[in-house]
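Trainee: Protein chains in written order, with the working numbering: chain A, 1 to 559; chain H, 1001 to 1186.
Bear in mind the hints are in silico, worked out from the structure with no lab data behind them. Computed from a predicted model, the values in this text were never measured in an experiment. Each residue gets a CB set at the ideal place from its N, CA and C atoms; glycine is no exception. Take the hints with a grain of salt, since some may be wrong.
What the hints assert, rightly or not - Here are the computed distance ranges between Cβ atoms for each label pair:
id, chain 1, residue 1, chain 2, residue 2, range
1, H, E1088, A, E282, 14 to 24 Å
2, A, E282, H, E1083, 54 to 64 Å
3, A, T279, H, R1182, 53 to 63 Å
4, H, A1072, A, N89, 51 to 61 Å
5, H, D1165, A, K193, 28 to 38 Å
6, A, K161, H, N1080, 17 to 27 Å
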Amino acid sequence: MMQKYDAIVVGSGITGGWAAKELCERGLKTLLLERGRDLKHGDYPTAQSDSWDLPNGGKLTREELEHYPVQRRSGYLDQPTRHLWVHDNEHPYHEESGFDWIRGNHVGGRSLTWGRQVYRWSDLDFEANAKEGIGVDWPIRYKDLAPWYDYVEKFIGVSGKSEGLQHLPDGSFLPAMEMNCIETYLTEQIREKYTDRIVTIGRVANLTMPHLGRGTCQYRDRCIRGCPFGAYFSSQSSTLPAAFATGLLDLRPHSVVKKIIFDEGSELAKGVRIIDAETMEEEVFESDLIFLNASTLATAQILLQSKSNRFPNGLGNDSGQLGKNLMDHHCYAGAQGQSDLFPDKYYKGRRANGIYVPRFRNTNAATTTGKYKRGFAYQGAGAREGWSRSIPEARFGAKFKEAALRPGKWTLGLIGFGECLPYENNQISLHPSKKDGFGLPQISIDMRWQENELAMRADMMTDAQEMLEKAGFKNIRTFDQGKNPGSGIHEMGTARMGKSAETSVLNAHNQMHGVRNVFVTDGACMTSSACQNPSLTYMALTVRAVSYAVDLWSKKALQ
Amino acid sequence: MNRREHLKQTIFAMTGLSLSMGLIEFFEGCSSGSLPEIKTIGKEELDFLDELAEIIIPQTDTIGAKGIGAAAKILAYIENNMEVPIQEDFRNGLLFWKNSYDKQFTGPLHQRSEEEKHLLMDSIANQASTNKDPYHTPFFPMLKGFVMLAYFTSEEVGKKVLAFDPNPGTFISCIDIDEHTRQWTI
Ligand SMILES: Cc1cc2nc3c(=O)[nH]c(=O)nc-3n(C[C@H](O)[C@H](O)[C@H](O)COP(=O)(O)OP(=O)(O)OC[C@H]3O[C@@H](n4cnc5c(N)ncnc54)[C@H](O)[C@@H]3O)c2cc1C
Ligand code: SF4
Chain A
1 MMQKYDAIVV
11 GSGITGGWAA
21 KELCERGLKT
31 LLLERGRDLK
41 HGDYPTAQSD
51 SWDLPNGGKL
61 TREELEHYPV
71 QRRSGYLDQP
81 TRHLWVHDNE
91 HPYHEESGFD
101 WIRGNHVGGR
111 SLTWGRQVYR
121 WSDLDFEANA
131 KEGIGVDWPI
141 RYKDLAPWYD
151 YVEKFIGVSG
161 KSEGLQHLPD
171 GSFLPAMEMN
181 CIETYLTEQI
191 REKYTDRIVT
201 IGRVANLTMP
211 HLGRGTCQYR
221 DRCIRGCPFG
231 AYFSSQSSTL
241 PAAFATGLLD
251 LRPHSVVKKI
261 IFDEGSELAK
271 GVRIIDAETM
281 EEEVFESDLI
291 FLNASTLATA
301 QILLQSKSNR
311 FPNGLGNDSG
321 QLGKNLMDHH
331 CYAGAQGQSD
341 LFPDKYYKGR
351 RANGIYVPRF
361 RNTNAATTTG
371 KYKRGFAYQG
381 AGAREGWSRS
391 IPEARFGAKF
401 KEAALRPGKW
411 TLGLIGFGEC
421 LPYENNQISL
431 HPSKKDGFGL
441 PQISIDMRWQ
451 ENELAMRADM
461 MTDAQEMLEK
471 AGFKNIRTFD
481 QGKNPGSGIH
491 EMGTARMGKS
501 AETSVLNAHN
511 QMHGVRNVFV
521 TDGACMTSSA
531 CQNPSLTYMA
541 LTVRAVSYAV
551 DLWSKKALQ
Chain H
1001 MNRREHLKQT
1011 IFAMTGLSLS
1021 MGLIEFFEGC
1031 SSGSLPEIKT
1041 IGKEELDFLD
1051 ELAEIIIPQT
1061 DTIGAKGIGA
1071 AAKILAYIEN
1081 NMEVPIQEDF
1091 RNGLLFWKNS
1101 YDKQFTGPLH
1111 QRSEEEKHLL
1121 MDSIANQAST
1131 NKDPYHTPFF
1141 PMLKGFVMLA
1151 YFTSEEVGKK
1161 VLAFDPNPGT
1171 FISCIDIDEH
1181 TRQWTI
């Protein structure tokens, strides 16, 4: 028997969890489809493991690593988290150029492993495409999103400090985490020596006080393994419990959404076709509304697979833009240095957060550089070096041991997160012959950093170097690891929002121009990439879109 | 400066030790020696590795590398985690130094004087610093890295030697410490 819902949400990660919560809380009987296994809140087997509880000092064996030729490129893969990353050989894709697709397919998606840094965007970001004639104009401005940022922040809990910057708007913050002495020192030095930039504590979705039934962060810095205290935002700790509490949510794991079924008569989507990953049987679920939240690349893949007479090149692809304008932040360039200051100071607790230097290039006339468009922010941290600092030394013996047991010098690093422009030729498509284990076409990804990104990277190094030099740091070393696109794990674009159906896939409410009851609110919808971590913006766009969609649905305008 | 003089000065710079000419000859021989015949790692080599580890991190008022069973951990780690060329480089390095040691001394390494043990480790370190072979990883940095990994990720050290606080509960951004303060276990 066909099963009919008011709404279907595809993907249970950061944005899918939000869509499900909002739809259920607005009274819609909702089906949440997730391709991976179920993972219940609290089922975090390594959350309390110390290094000696883990085999091989916490590192993966050669045999284990063979499952993860792509995931290992991220640097996050280790024993305590290996169950949270896909086995690449079971989730193949074609790399036309090098692209790191870093992901975990299970209930909660990457809401479990994310770094929780959350920054609002501003009109500097929303207006940039229009001002510079790049890509298409965003169909929204900051004022359209501001109340939804508030709404999301109040629910997820964001600790941070208000700074009064126009281009990095303040939010509804829980008490900020503290900086350690070297970070405070850098902050003061930058305040003294620069007028165009500041250092602030990271804005992070970790709780610094009890919040909506969730516990305070215990400062263990083990978030990436899942938090038994629910002290950071994940689908498991936050949105899914709220959605289940309504009694209106059905969660169906092991459900690989294959395509969206389009009804040529009504010009609406009727439902979705899934493959049950356990039985390999196909099933169809119908609904009035569909929210696509499978994450940027997976969502574009589903849309490209959803071909019909009306949409022979993928659902809603009248503009030909579906799959194009793929973006990511380019990171892993910056500088680090040491300091001889504060030899008698240390800290207690492992703060799962760092410091942040908001964008300071091309923010106004005074900071404009002709070298590249847009800009970058720094994320960083100060700490005392640990025992591994002593490995390269030739020393050994009792004196060496005593020194190695003690905290090392203060060190501070700054890593740039740079904006990537939208380019049509950075794109994904369905591979003509390669298939995955479900018989579905693999996606082929072709994305390269281009001139603007490469020019920016030089500044990402030299600006950090100069800041550290001016602040009196020593042994300063710049670095540019030049990693592949995808390594920023902020992939976005491929089904952009825009004002016109001719040049974009989605309208100002994340609704498909061509198919009124389909909404895309994950990173696929992004029209530009800014340099701030994007997930907070995805969440705000999701709740805004749900509110709009449910309004239409209640008025029976989506039938 | 000839090689012998260079070796003497390097070791002096690293350790502050001045060497007798006899020992210099021994170390010089080790540094330029050839690989031993193919041999697998058995109990003797395992004990030798434990002793090398103990020279790097000796027992003081706290446990040393041998006490945490460094050699067994290292060999398991290398076998499970390292690529075959690194495994081979490590094994060859270990056998080479065991062979060199056996040529010069009879009896196990732990019976040697502190000075002799140090001179052996100095020569291992010195070989690494003068080794320019781009195709093989020098033994000393591997040895030291593995010893430290085994030591600092062990339960004994994590709980009893370092400052262990699995659930800190709060973050105190700035605390006073003195020269005896140990780093936090991670
Ligand atoms: C280590 C790391 C650090 C990060 N740090 C930050 C940060 O500090 N700040 C920030 O803003 N962002 C960060 N990110 C990025 C952030 O995790 C993503 O932007 C965010 O998770 C995207 O949300 P999403 O809902 O689109 O996708 P996901 O959270 O990835 O969830 C997508 C879900 O859809 C499911 N799915 C996929 N295909 C299908 C299908 N065909 N059928 C059914 N289900 C499907 C997947 O299994 C998955 O569960 C980080 C990511 C990682 C990995
Ligand atoms: S550091 Fe805080 S939020 Fe992260 S896992 Fe530990 S208690 Fe949870």
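Trainee: All hints are to be evaluated individually against the structure, with a verdict given for each.
Mentor: Status of the hints after comparison with the structure:
no. : hint                          : result
1   : H:E1088 to A:E282: 14 to 24 Å : 50 Å, violated
2   : A:E282 to H:E1083: 54 to 64 Å : 42 Å, violated
3   : A:T279 to H:R1182: 53 to 63 Å : 55 Å, holds
4   : H:A1072 to A:N89: 51 to 61 Å  : 32 Å, violated
5   : H:D1165 to A:K193: 28 to 38 Å : 36 Å, holds
6   : A:K161 to H:N1080: 17 to 27 Å : 45 Å, violated
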